[in-house]
Every structure is written in C-alpha cells, then in structure tokens.
Amino acid sequence: MTRTEEEPARPTEPLEPLNPRAVGTSPVRLDGPAKVTGTAPYAWEHALRDPVYVHPLQSAIARGRVLRMETGRAEAAEGVAAVLTPRNAPRLADSSDRALAVLQSDDVAFRGQFIGAVLAASPEAARHAASLVDVEYEVEPHDTRLSSDRPDLYRPEAINPADEADTEEGDVEAALAAAHAVVDETYSTPMEHNNPMEPHTCVAVWHGASDDGEPALTVYDSTQWPYGVRMTLAPLFALAPERVRVISPHVGGGFGSKGLPHAHHVLAVLAARTVPGRPAKLALTRQQMFCLTGHRTPTIQRVRLGADSGGRLTALSHEAVEQTATIKEFAEQTAAQSRMMYASPNRRTSHRLAALDVPVPSWMRAPGEAPGAFAAEVAMDELAHALGLDPVELRVRNDPETDPRDGRPWSDRRLVECLRTGARRFGWDARTEAGARREGDWLVGLGVAASTYPGFGGPGSVAEIERTSDGGHAVRIAAADLGTGTWTVLTQIAADALECPFDAVHLEIGDTALPTATVAGGSAGVTAWGSTIVAAAREFRAQHGEDPAPGARTRSGMPENPDLRRYSVASFGAQFAEARVHADTGEVRVPRMLGVFSAGRIINPRTARSQFIGGMIMGMSMALFEESVLDHGTGHVVNHDFAQYHIPTSADVLDIEATWLDGPDPHAGPLGSKGIGEIGIVGSPAAVVNAVYNATGIRVRDLPVTPDKLLRY
Amino acid sequence: MKPFDYSRADDAGSAVAAVMARPDAAFLAGGTNLVDHMKLGVAAPELLVDVTGLPLDRVEELPDGGLRIGATVRNSDLAAHPLVRRRLPVLSQALLAGASGQLRNAATTAGNLLQRTRCGYFQDVTTPCNKREPGSGCAAIGGWNRYHAVLGASEHCVAVHPSDMAVALRVLDAVVTVLGEDGERRVPVGEFHRLPGEAPEADTVLRHGELVTAVEVPPLPAGTRSGYRKVRDRASYAFALVSVAAAVETDGDRVREARIAFGGLAHKPWRAERAEEALRGASATDEAFREAAEAELRAARPLPGNGFKIPMARNTLAALLRELTTEERR
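Those protein sequences? They're chains A and B, same order as listed. FYI, in the UniProt record's numbering the residues of the first sequence are 1 to 713. FYI, in the UniProt record's numbering the residues of the second sequence are 1 to 330.
Bound-form chain B, shown alone:
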C-alpha cells in the first residue's frame, strides 16, 4: 500500500474543497471497497478525506412521504429502518441481499452507489483493463466473463455494476444529491451511473471532488408492491448472476403499472423500460411476464461465458412478478 495522508472533514463544504484541491485525493467512508483497492494497487490516493464524521448519517421523512437517506447511513441501518422496511421493501431486501453482515455494517449509502466493479481483471493490476488503465485493453472479453454484462456493454469494457441497493433505487426513481464547488446539484439515479462506451474508467457522472450527500426516494404509490430477487452462486456473500427489482401495481388480474430494473446484466442498474411497456395493462400471467422479459432482453449480447444470464433473467423476473402479483405471499 502506497503511503498516504489522512484527514477528517469537519463539514461537507471543506471536505469538497479538500478533495477538489488535489487530483490525487479521495473521500473515505466505509472503506469496504476503497481500502481493498489501495491494498491491491488498484487505487493509490495520496490523500484520504474521511467523511464519516459529517452529519449525513440520518434517514429523514420528507413531506410527501418519501425518504431522504444520508450519504453515510450504514447499509445495515438502512435495511433495518422501520420506514424502509414498511414502505420500500424492495430497498430493504436489496440491501440485505448484498455483501455480508460485517460489510453491511461498515458500508455506506454513498459508498454502495460508488462501489466499483468486481471484475477480476479490474482488481488485478497485473492484467490489462480499460477501466483501471484506459487503453490497456480488456482481458475479460477473451477471458473469464461469467459475471459480465449482456446489455449496454462496449468493445472497451464488459464489466457490471455490483450494487444490489442501486438496482432497487433505480425502480424507486431515487435522486442523488451531490455537493460540488458551486453548490448542490440533483442527479436522478438513472443518470448517475454510466454505460462504459468509450470511457469505461468513469463509472458515474460525478466530477472529481463532488460529494454525494444524500439519496432522496419518493414514495411508492399506494397499493404498489415491491420486491427484490437475487440469484447467485451461493446463499450469501456472492455478487448477482442476475437480480431483479420490481414495483408493481395491479388492477384485478391485470398489471396497471410496473417498474423493473435488472442487476448483474450491465455496467449500471438496468431499467427495463421495454418490459414495463409490455406489461402495462397486460394480464398478470407467467406468459406475459416472460414475454415482457424477452422484450427487454432482445437487445442482449452475451459473451462466451454468460449466455445463461438471458434465460436466467427472464425466469427470475417472471418468478418475482408472480410473487408480487399473487395475493397470498409465501
């Protein structure tokens, strides 16, 4: 690990100023991803500005019934929060599907959004990776790509975003509040993460020195049921092969409105707008669910090692929608 300076921020403005001032500086919150990267040589900041002491660790109820989630609220605390559990089951379930108990106790809301891909090549500095070292090439395309993207990838990068929480936030239409040099800006979570395109080194639209301060989640319409389903290689502590977040409103045996996002398929949480469109007004049947999934997944371009993700995503979406549209939950 490269030697580095460390400071604790007293307020958000000075934290931003401190990181802005040095191109080699980084914010430190839970450290569950960044510290690993420092050990592995993937990241080598010269200055860490610790933001865990900032007053950003609260969950507040907004006048419209939505929630404002502070950037440093720990994943465990957020998952267990009574309002989250009651009103936003998809978010609580997604959080609990992520990482391990120990990691969730340390990881923060902003850190979860900003965590980087777990592509094995990205994390190994002895292999080429365009995300870690632009222009060096992508070892995953011709290598081990079981976990990699089938949607929205580019010839430069096929990594997936590892977060579960962010997939839930995507169906909740959350908004990320960001503090920069010129004050606060609000970024819809759908615009927060990027597809890799020509610049896979940038995971998000954040500029250097900008600090995520909160995530605002509007309320779900009354009668909407939401849930998260993650498929992984073991029962706990594994990244998604495929995950699905959904919020569904039914009218009798028809779907009135559905919001769907996939995890594990793309460089960002993948909002399935074609599937949503196909479901609007459709009858709540397994066949309709599968057709909706297929409408979305028609654009998928699998790699040699991950073609299974397409039927797995279809089946998982169907299973979750079946559960959410069935009156009696198991």
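So that you can see chain A by itself, here it is in the shape it has in the complex:
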C-alpha cells in the first residue's frame, strides 16, 4: 500500500492568492456524522484480529536503578502472553534519545518511567498481572523542586522551537532607574498537563516475515504528525522509513501532547515485536498521562517594566526560570513574545533552566506564549494602575510600528483595532476602580489582555491530486485532524484551488501511505497543508488542464513565501473577561469573555470559532483551575485524574464569544490565513486575572487563582 516516495515537483514562484468561494463559508464537519454515530475509528478502535493488550509497568521511584523484577506471578497469571522488562526487552538500534530508549537500561530518571510491560489477552488481565510484579530498586535521592535561586540554573543553547535564549538591547537598569513608573514583580505558573479526551493510544503490528522477507511495522496511532511517528520509530527499530506505516484518521484532541512521539510509542512497538503478526494495543490510562505525555513546565517569571509619564515603555525586562528533565532538554520560550509585543528602547529577555528528576516537558497549547503572556500582560495591567491609565490605552500607546526584533514591517497586525473593537463590544466603559463594584455578595470586575502567536507554516508538505472516475478529485496529504476541522477545511481549500464543487473533493488524510505532511502544531497545520494543496492543484491544472481523464495525477510541494522574510507575520488578539468573586468565600465565576482576533482569512467560521473559544476556555482554565501538584517527596503528580486535576465543567463556561477582523493577511501566503489554534489561550489567563483584580483589588501573581487566594479575612 505504501507508495514509492517520488520527489515531487515544487514550484519556485510564489503562489498567487486563492479566489475564495467555499473558503469563508461554514460547512458542517464532514467527520461529524461518523463521530456522533461512533463509527469514526480512533486509534484503539480499528478492527484488528487477535490483539494482545499492553499494560505498562512504571517506576515507583523518581531516581535510581531497577535491581530486580520478580515477574513469575505475573507470567503465571491467566491470559498473560509475556512480561517485558529491561532484561528481556528487544534492543533498539538507536538509544541516543533517552526519552525514547524504553527498557534499554535499568536506570530510572523520573517517577512513572516505563520499567516494563505486561502483554495479555485482555486489558483487565494485563492490568491485574502488572500489579503482581515485585520490583526492587536502588534508590537515589531525587530533586524535583524548581526555584529561582537554584545554583544549577543554566542558559539553554536555544529555546523552542529554535530561538536564542537571551536578548539584550539598550540599558534596562538605567532606564528603570530613570522611569516615571516601575513595575517589578514575580509571577509563577504551575506545572500543567494536556488532557485531551482521547488518551494517548498506540496499536502496533510487527510484520516479522512479510512477503518480501523484510520486516515492516504498522501503527494505528493518535498523533498530530503521522510522518513524525514514522521518522522517529523507523531508526529505533532499524527499519527503512517506508517500512513503517502510521494510520491516524481521527485524533481525539492533542494540544501539543501528541505532536511528538513519546515513550509509549516505543513500548507498543517493543510489545508488537514480541508477538509478531499480532496487534499490540496500548492505551494510557488518564493517570499514566500525567507522567508519560509531556507537561507544561512550571515557570517563575520576573517582569520589570519602566514607563515615562506619557505611559510609554522605556524598559521591558522579562526573565523566565523553568524546568527541564535530566534525560532530555526542552526549553520553553516563555519570554519570547516580550521581544515583539510592545515598543521599548531598552529590553532584556532571558530563559534559565533547572534539569530535574521529572518527565520531559513538552508542548502544551501555545508553549511559551501562554505562560509568558500571563506574566507580561498582568504586569501591563499593574503598570496601567501605577500610571493611572486605562489598560487598553496603555497597550495602544505602546503598539510598535514595526517588529522590535528586527524592524521588519508587520504583515497585518491590527492589535489596536482588536483592542478598540473589543472594548466597545464588551462594554469596557462600565469598568470601575478596583474593588468598587458589588452586586449582592459578588464583587464584579473587568479585565483585558493582549495576545499574539507567531505565524508558522512553511514548506515541507506534499499533496497529491488525482482525477477520480466519478468526475471528482482525490486530494491526498498526511495531515491530521485533532477534532479541529481539518477534514472539512482542507476540503474547502481544495475545492477552491481546483475550482470545483465542495462535494467533488475526496480528501484523504491521516496516513503515511499518503504524501508527507508537517505537524499539526504551532497553529501552522491548515496554512501549511492548505497552501500545499493550492500549489498541487495549480500544478495539476497546469499539467492536465480543466477536464483530465480519470487517473490523471500530480504531486507537488509548496514554494517558499518570500514575504515571510520581508514581513513579520503573526496573529494578534484582544481578550476581555468579566470576573465575579464571592465576597465571603473567594469563589470566582467568569460570566463573560470576549476575544477579538486579527488572524488573517478565516477558512471556516464555524470551526474557527470553536478553536478560538476552546483556547479561551483553556486560558480561563489556566487562570482558575489547572495545577499539576508535584509531590516532592515522591516525585509524582498526586492529582492525576479528572476529579483532582481541575478543568472547567459546563457550569464554569458561561458566555464565551470570539470574533475577528475581516480580511486576509496579504503576506501570509495564498490563503491569507494565519494560526488560530493557540492564540485563544494566549492572553485569556491574564484577562481573567486582571478582571479578578478589578473586582477585588487583590492581585494574584501565582496561578491558579483558587478561592483561598481571594479570601478577605
């Protein structure tokens, strides 16, 4: 089934803008009927015969070594096929990535790390047998406590995705000393975990003796990047990439946690190798997700702002301290957005890491921007208060004409318009002095914050167009739909690119048997894949004309967009929130949120709105609820389930509205679109926290804002 990887044509001329017809309308989700009838196959649900079920064994210590594993009782338990341990697990061809070198040594680098697995005839039998394995450890003292005064903090070589760790312009200290108003505060955000509805799942089938004698691997996965899974797994198991097929048509949410392969992928394949020909099914439990699928690092952020009497920033310093793991580095770009959000002649940003005995941090919706904007945008609120200036006006006065990083013009910023539009629509003029508005037992306040997200989305994908016998067009690209609407919006884009009806497009995604696609990450998926489809469609028409015979086929990548070098491309937004705080108990309710976004052309208003408000809700969740409680005695997250790790219930989500400024970004490629998947979570936590301040006069600088922090004794 795997097609040969022909090197596709890639046009060199920039792509002309798309003429939108289906784009900009709101067809309902093409995958909706299958999902609501339960027939859309998620990774666990593909019909496969004679599976074995895999239940992991996990380290009960945070640092040390496995000395002995007594597996006899587990092996003897009913239904058990095998017990894998570091002693008997197949060797990997490459164990240089220690986060993926599963069962390749006895070393334990964090609590919950895989130290084995039980393979059995049912999930229950596997889980029960796992409880029968006795493990003896050599325990070493562990260290999981992040603080800003650790002597071992270090500066990473680069921060995610590939930026410098520190920047320095002008003289921040001198500017602060001379400033009319100064804010110097420390903000902290806790460790947080992605909690998509669908747990991370990997079903692997090892074809030990396939027709041509060479082994092959099929993986039914829940991933944001099928080709990423292939490229990662192939060398570990000494397979050529085309011998690995990854199938992932539907993904039940990811938020970044399914962006890169994790250790469970490797464990599932190790299990599959043990039982060639049989599917090895591994779905992490909710509890296991809290140590095996990445997390958002806790942050400690010192923000210093200086301003002149006119409310113009003279100094902006944003210094972030965060954690990484001992086995692999992940350096979150927490302060990066402070390099471009506001104008200031003097500026410093820095990132310092502590390598702790914890799982490897990873992407969580708007890594960097989300926690960074919490600190920076609360600091701006504090500065507005210090200056006696309206927080909207303060942001307007500091809106930079060009990108402060390099002086490039903005492609399409319009943050000021977002702020003004939002203020008008939200009724910002009803905002009172802090602590001045009370309705019954509830203190009421309004808050604002600005948001941004970079404009990622370049070449790297390939699309194939083929005329089908029914007169339609097959459009093939190994993109991913995380529940976000990819199935629908790529069909819209393909219809416009081919200038054919929406119904005449037969989209195929989520399979490495299709041409390669970049990750559904960095809010870049639809812009990158869609532009590639536009390029392929134009190439198809150029090669085959308007009415080619069935079977006519073209593959193409997309060209570089030279405007991305000439202009600074990013999404922007203004977030508004109302908070009500109970005067006796400190309970917080958020009855209203409004986001106004400048994100270029919106491909599908229905699914876009869902992305925006989903991000805003996740931001409200970050503000009020989410906190992974790391027990420093044991080194594990204690509150590792939905009863204890709080995300909003329906009762917490009231009137949430998102809107956007019309028009394409003329420099963002043929679609004129920019990222919308993450900007909703950027700024919304600060808007909520600023609203809580406006309601109560209490400034909370450490998230989440739980009722105890708002008790007025």
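It is worth saying that the hints were derived from the structure and are not from the lab. Glycine included, every Cβ here is placed at the ideal spot set by N, Cα and C. Be careful, since some hints might not be right.
[Stated by the list, open to error] Estimated spans, in silico, between C-beta atoms of each pair:
(1) A:P90 <-> B:S7: 43 to 51 Å
(2) A:S147 <-> B:V205: 42 to 50 Å
(3) B:S100 <-> A:S96: 42 to 50 Å
(4) B:S7 <-> A:S96: 51 to 59 Å
(5) B:V205 <-> A:A436: 38 to 46 Å
(6) A:E78 <-> B:S100: 33 to 41 Å
(7) B:D36 <-> A:D390: 45 to 53 Å
[Unchecked claim] Not close to chain A: a few residues of chain B, all C-beta gaps over 10 Å, as computed:
(8) S14
(9) A43
(10) R58
(11) R68
(12) H156
(13) V187
(14) D203
(15) H208
(16) A238
(17) E257
(18) S283
(19) A288
Knowing the structure of chain A, use the given hints to seat chain B on it.
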C-alpha cells in the same frame, strides 16, 4: 483489576449472610466508588454481592412526618423527591452539590454514606497510606494536603470524608438502620462515621457484612429553615474545600435554635456543637455568626497547605446563616 466473583442478592438477609461468610466479600450498589477502587487496586474484593435488586429503593413517609430513605435510592431521585425538596431543603441541596449528574444517577444513599476519602494518596497504591495499608505511614501530612482535615485528625490520618449528603444528614439527626447477623440495629448518623485516631482504616462503625438498609430522617420543627452551602474550586464536580449544613429557627431577630455541621474539615461530618451553643439566643447578626464559627474553629489544627479552611469555614457559615435568617431570600 483482580478477577472476582459476582452474585445478585435476592433478599437482604441472604446478602448479609453471603458477605459475612467471606472476609474478602463486599456489597456492590451504585459502584461509583468501589469499582474505581478495584481498577486502581485500592480494593480487591474476591466476591461482589450486588444489592441493587433488593426492595430498598423507596422513600417512605413516617407517621411523625419524617422520612425513611431506602439504602439503594439513587442520589438524583432523592434530591428530586417532592417531600425532600419541600421539607428538607438542606438534604436536597447537599445531594445536588455532590459529584456530577451522571454520578448522582448511579450513586445510592448507603453508598454515599460509605464512600471513602478522595485523598490522592489513599487512591494511589504506590504511596504510603495508613487508611489503605495500616502502618505504612501518611504521605499527606508532609505532602499535598490542601483538601485535608483541620479538625479531629490524628497523626496517622488527616483525610476528610467527601460526602455532602452526610453533612446534611448530620444536622437532620438522621439514624442509619443496619442489618447484621443478629438482626437490625439503629445507629445515629453522628456515631456512624469515625474519627481516624489510631485506626484510620475504619471509616465507620459498621462491622464486616453489616448492610445499611435505610436512613431515617426525623422532621424539622415547624418554622425551621435549612440550607447547604458548598465552596469548591470550580462550579461543579469538585469536592468541598468547606461546606456547611444548617437548620435555623429564629424568634424575631434572635436565633432560637441552630443546628450546624461542616463538611470538608474532618474525617466525618463535623457537628458544630460549640457554634450551636454560642448561637442559642444570640442576635442574628453577622458578628454573632462569625463568633459562633470561631468558637467551633478554635480547636482547628491546620496543616501547611490548608490553613485557609478556617477563615473560609467561618465566612461560609456566616454567609449561610445570613441567608437563612434573612426574611427575603435571594
């Protein structure tokens, strides 16, 4: 999950006999807590005796105006029962403050009383816990104890009882009827749950094999107003940081009689007798309410992570009493 036997009981007596006969047997009703524990390895019964088919699923009116609530009446049904809503608002409100709609549809009256603490360490078999494994130690005392007890705890256990319903039953002076080998006994709800002391593994005074068959609730005196107020970290589906059940009788602007219980503060629903004493005959003012709360909370011993519960409990009690003693309810 450990393999187990399953049987359905035909009558209460044989259910009791079946569980009595095997030390590893347990009753199964709604299963909202026990089944989780079986998955997590916290409980590993070898035999489940399903009691949901027993004729214990009715709410009956007693001659004195009280109610007899069958052990397997679902929480949703009990909360919505017209007599409960009319006569015992504190009970209906408490039930609706608990868990989620789906859980309330499955959970039963007896199961709610018998649910176990949600202490994260109790629910995680890889950590020490004296309640789960006597003598292994308490990870919560030096760990995460935001939700834990400030009253009546011991050096062995600082867990809290998670029920909302039981807090309401405590102010209602309910009586639990229990069927054992030697027939029925009646246990006042105040004596039903234990403080942890030296034996935190025992949540209640029930002996192995005893089956809760009903809860009897006497009527509230005429003119008494009752209510339940729960403070939690989100608007729904969260355990109490602090909750208060109260039933108050006023005489003009004075309190004639008040019954108060706290949830979220102790290993059992905490009847606030000192606060009640302080309120008897006191004027119905915010100051008096706060003083009453403080009289009760003087005995509180907070842990590093939960000192906020003391002012939160005081404020919440004051807010509820204000509401119950104000003529016009919001």
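Quick rundown of the hints versus the structure:
1. A:P90 <-> B:S7: 43 to 51 Å: For S7 (chain B) against P90 (chain A), whose Cβ atoms are near 44 Å apart, the range 43 to 51 Å holds.
2. A:S147 <-> B:V205: 42 to 50 Å: 46 Å, holds
3. B:S100 <-> A:S96: 42 to 50 Å: 46 Å Cβ-Cβ, so the 42 to 50 Å window holds.
4. B:S7 <-> A:S96: 51 to 59 Å: 55 Å, holds
5. B:V205 <-> A:A436: 38 to 46 Å: 53 Å, violated
6. A:E78 <-> B:S100: 33 to 41 Å: Cβ of E78 (chain A) to Cβ of S100 (chain B): about 35 Å, so the range 33 to 41 Å holds.
7. B:D36 <-> A:D390: 45 to 53 Å: 50 Å, holds
8. S14: 28 Å, holds
9. A43: 12 Å, holds
10. R58: 30 Å, holds
11. R68: 31 Å, holds
12. H156: Holds, because the least Cβ-Cβ distance between H156 (chain B) and chain A comes to about 17 Å, which exceeds 10 Å.
13. V187: V187 (chain B) clear of chain A: closest Cβ-Cβ about 29 Å, beyond 10 Å.
14. D203: 18 Å, holds
15. H208: H208 (chain B) clear of chain A: closest Cβ-Cβ about 23 Å, beyond 10 Å.
16. A238: Violated: least Cβ distance 6 Å, not greater than 10 Å.
17. E257: 23 Å, holds
18. S283: 19 Å, holds
19. A288: The assertion about A288 (chain B) holds, with a minimum of 15 Å to chain A.
The earlier numbered hints that this structure contradicts are 5 and 16.
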